[in-house]
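Undergrad: Please build the complex by placing chain B on the supplied structure of chain A, with the hints as guidance.
Each chain, letter by letter, is given below.
2 protein chains.
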Amino acid sequence: MANAPVQRMSQLMAKTLRDDPADAEVLSHKLLVRAGYVRRTAAGIWSWLPLGKKVLANVERIVREEMDAIGAQEVLLPALLPREPYEATGRWDEYGAELFRLQDRKGGDYLLGPTHEEIFTLLVKDQASSYKDLPVILYQIQHKYRDEARPRAGILRGREFLMKDSYSFDTEDEGLAHSYALHREAYQKVFARLGLDYRICAATAGAMGGSKSEEFLAPAEAGEDTFADCPNCDFAANTEAVNFPLTPQEPTAPALEEIPTPDTPTIETLAAALGVPASATLKNLLVKVDGEIVAVGVPGDREVDLGKVEAHFAPATVELVTAEDFTGRPDLVRGYVGPQGRQEKLKYIADPRVAPGTAWITGANKDQTHAKNVVAGRDFEVDEYVDVVVVQEGDPCPACGTGLKLDRAIEIGHIFQLGRKYADALKLDVLGQHGKPVRVTMGSYGIGVSRAVAALAEQTADDKGLCWPAEVAPADVHVVAAGKALQTELALDVSEKLREAGLRVLVDDRAGVSPGVKFTDSELIGVPQILVAGRRAAEGVLELKDRRTGEREELTVDEAIARLTA
Amino acid sequence: MANAPVQRMSQLMAKTLRDDPADAEVLSHKLLVRAGYVRRTAAGIWSWLPLGKKVLANVERIVREEMDAIGAQEVLLPALLPREPYEATGRWDEYGAELFRLQDRKGGDYLLGPTHEEIFTLLVKDQASSYKDLPVILYQIQHKYRDEARPRAGILRGREFLMKDSYSFDTEDEGLAHSYALHREAYQKVFARLGLDYRICAATAGAMGGSKSEEFLAPAEAGEDTFADCPNCDFAANTEAVNFPLTPQEPTAPALEEIPTPDTPTIETLAAALGVPASATLKNLLVKVDGEIVAVGVPGDREVDLGKVEAHFAPATVELVTAEDFTGRPDLVRGYVGPQGRQEKLKYIADPRVAPGTAWITGANKDQTHAKNVVAGRDFEVDEYVDVVVVQEGDPCPACGTGLKLDRAIEIGHIFQLGRKYADALKLDVLGQHGKPVRVTMGSYGIGVSRAVAALAEQTADDKGLCWPAEVAPADVHVVAAGKALQTELALDVSEKLREAGLRVLVDDRAGVSPGVKFTDSELIGVPQILVAGRRAAEGVLELKDRRTGEREELTVDEAIARLTA
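If you're matching them up, the sequences are chains A and B in order.
Read in this note's numbering, the first sequence has 272 at position 272, and its numbers run on one by one without any break.
Read in this note's numbering, the second sequence has 359 at position 359, and its numbers run on one by one without any break.
Hints should not be assumed to be uniformly reliable.
Heads up, the list lumps identical chains together, so a pair's fine if it works in one copy or across two of them.
Each computed DSS-like pair below joins lysine-lysine, with the alpha-carbon atoms no more than 27 Å apart [as the list claims (entries may be wrong)]:
id, residue 1, residue 2
1, K189, K53
2, K53, K497
3, K436, K464
What the hints contain is simulated information worked out from the structure, not anything from laboratory work.
Predicted model, so just to flag it, every value in this text is computed and none were measured.
If we strip away everything but chain A, and leave its shape as in the complex, we get:
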């Protein structure tokens, strides 16, 4: 790489702002705009100015190097994609309003790629014919498009954003596990080099399909994800992926007894009328899974996490029941449904907290009536146990039982073992070792490149402004000419020498801007080392300031160069 020229702030297209932009809600948005790194072009659509582009390119380079190191091959696929492959996997419809769709001049349907599983699957179908051509990992660093309903939070959640997406192709499950492990390690290296604080969290696969999945989460106030973190052991998981263990108990409750409970159609009215805590009652939520009514049982004091229910039944659709669903169903007594003593079978799934042997107060399937001492496994059967409740702070850690903490975080990476979902839909086979076609198994892996810039800004900023780790900073050193011609001359001279020594240099040579404003700007911009040509410029003495610690030291030109290039 040729040495980049010294970047003069007198010519730099990056106006700093004193005030936060009016529409900014999160720290990274405020600071990246104020420091002149990015500008909003439309809702959720951003322009990267010179300093921002440099940081983005640094993140990109680190990601590229670590992907290359695991033998992944870089390709570049289009962002404008034909409808057909997404039709074949069902995602043309499943994506709903989030997908940008358009037509070409001939009326052909196209989309802007939100992620590229289909196109990579077809590419490998075209390129690989034998098991000998696999395993292979392909990646690209490319813009993705999602029409977010509420694009906000600056570049943390944009509608056009830069991603590294990669895809692994193997013939065996063990191969997929290996490709997945390679990515997991590469991601750890990437985020460590970026200087990001992150946790690897168990995740649900969601709409992507597949089996194993983990998220790389960067804890930050501005994060849109909540994860459960154990303060005692190394357990961490997306709240949707926390699974309470099922612990059957010996039933100790007396026999089931029906009790009249007038005017208690809700948990709150019931608990109040009986003088029991809501946690003693069993809540039975009715949902429709692909049209069929299913009851979901959870303790009365817990909320059902519909995301978990959907993930469990995916790819079936899950809807809440409406008043119409009760017509023609006299067995479903609204507000008084219970899983026990029913003539008509009701599919019943329950949270592990409703373990066999536990006793509950619940609806008696009769108007104005409940039943108590209703014991799971004795008085009713559970078709399937699934953790479906919203996790709460203090819930026991599934690994060690300690009360969990809930923290906000930014999802910066996600790795999936997809399995054969896409290969099945698009018929991706290769000739196996024994001469027969073998269906390929896939993994899908993403890093939010532009989002990582925002996550870094969130985690590393202080009250003075941005504060970049060295490897991603837009420059190695920010030279400030604090004074008149003499200081400017010295600043430009030392900048050129630093450039010759291989450093990336930003120099504040603006005329008519006070030293105070320049200092404030240098702290806002956040280059790690700030070198000031000021009071003692005539003697050839500069002040070197560490942006993070604020430590200062006076040095001659030669000493400064030696120190910075060390």
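TA: Coordinates of chain B only, in the frame set by chain A:
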């Protein structure tokens, strides 16, 4: 940059093909597909496989370095753009069917950027407030979108393609001229480093607007542009930009005379009836310029280049007249229109070949009648002289008079002095030196990055395949294991040593592939140096082959490394 790992062909996602793809018309398309560099994803939409992506990245790097060297600042603007700025400049409509338009979930209108003048203008409007903030040159390397009517010619003309686009902003015309000159020099360096044969051609500004404009054309059979090239002097121009000099003559013809010419409504019938060459007649083409009828006079043997007529009248629209336009116009006698002796004034533009003093046979504005000895400037007035004819091979060079050659070429770069068109439309002013607002003047400059890859393939390929210049090749050396385990071991060993020495290495370690196929593939792929571990592998002797010249030499491992790293 960290040393990239050795790329093994046994793992490379790049299947070579023996046969040309059925839909391929041009050489670069055939070879880039056959050698596994690119694959078609949809009409005019391409995927870059690993080897292709490497070449593309090399071109990108060279462009970036030369743009940085002229002090241009790299930014990255979105590809998905809001309608409003393009509405303000009129290009939302002017682009017609070539523009990809789409709506977001809220029904807002968006487009996929075909070029970014509007957005850059708004960016500078936001960032620059004073003449002190200028001049500035901003650039990006980013995907562009144009919905070509007939996407063909592989990546030479795609619907999604990679471009470097840059924009200069100055307060004075001299500043614009300087920014333009900087680009011109940078482009010369870029294309020289790429190893492209190119000519700089005068061009018309077309729909882009503005004044001065030049194209960088790479001569190639597959090119879609035709340019006129003087074999004697350094004149070269897009055929639309060739201007025949106007040379008035002393009129020598006798007085105008009307002659009956029954049944001669066309130049051909007229010339045949009178026994004169078509070049002795004057053809008067009627067009409508924003609805007003204008006559265009050219020698009868020449075709009118409507592109030139449009460029002359831009931004007015130019249409051919239809039968309806003659109704209610008895002065326009179809097939017998002439510029002379008219009662109703007709706006008349003429080609410089119809210079003052030249005599013609032309329509007499009466049915079945022509006039001869009709002398320009004596018998009729020309409102404006504009070169509007289609240039022909052998037309005199405007600079030296030598007969011009016509050649096909690929447009690889284009530089424009836009002037104030976009600044006017979007009101881009800065505070001038004297405290008053000054309207900014702009330049716009493009390099087709993906197209340059195809142009290079076209120009450098030979009958064996691709043949890359060193700086853009996907590897520095292609090591071929031509034999069994012994050869493969030596090939992998020397590959690793070459990598350690800083070279980019591709090694053909495929098992079960014959040496003959490997040699053919190495020539198709076109890495400049081919190092073969073959017959004398046991002695540690390799054969180094120059891909272009075919020269071969036997070398020991150490000699080969020394030679290749020299």
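Undergrad: My question is about K189 and K53: at a cut-off of 27 Å on alpha-carbon distance, are they close within one copy, between copies, both, or neither?
TA: both (22 Å within a copy, 24 Å between copies)
Undergrad: Classify it for me, K53 with K497: is the Cα-Cα distance of at most 27 Å met within a copy, between copies, both or neither?
TA: Answer is within: at 24 Å inside a copy they meet the 27 Å cutoff, but 35 Å across does not.
Undergrad: For K436 vs K464, is the C-alpha pair at or below 27 Å within one copy, between two copies, both, or neither?
TA: Neither way: K436 and K464 sit 64 Å apart in one copy and 36 Å across, limit 27 Å.
Of the hints listed earlier, the one the structure fails to meet is number 3.
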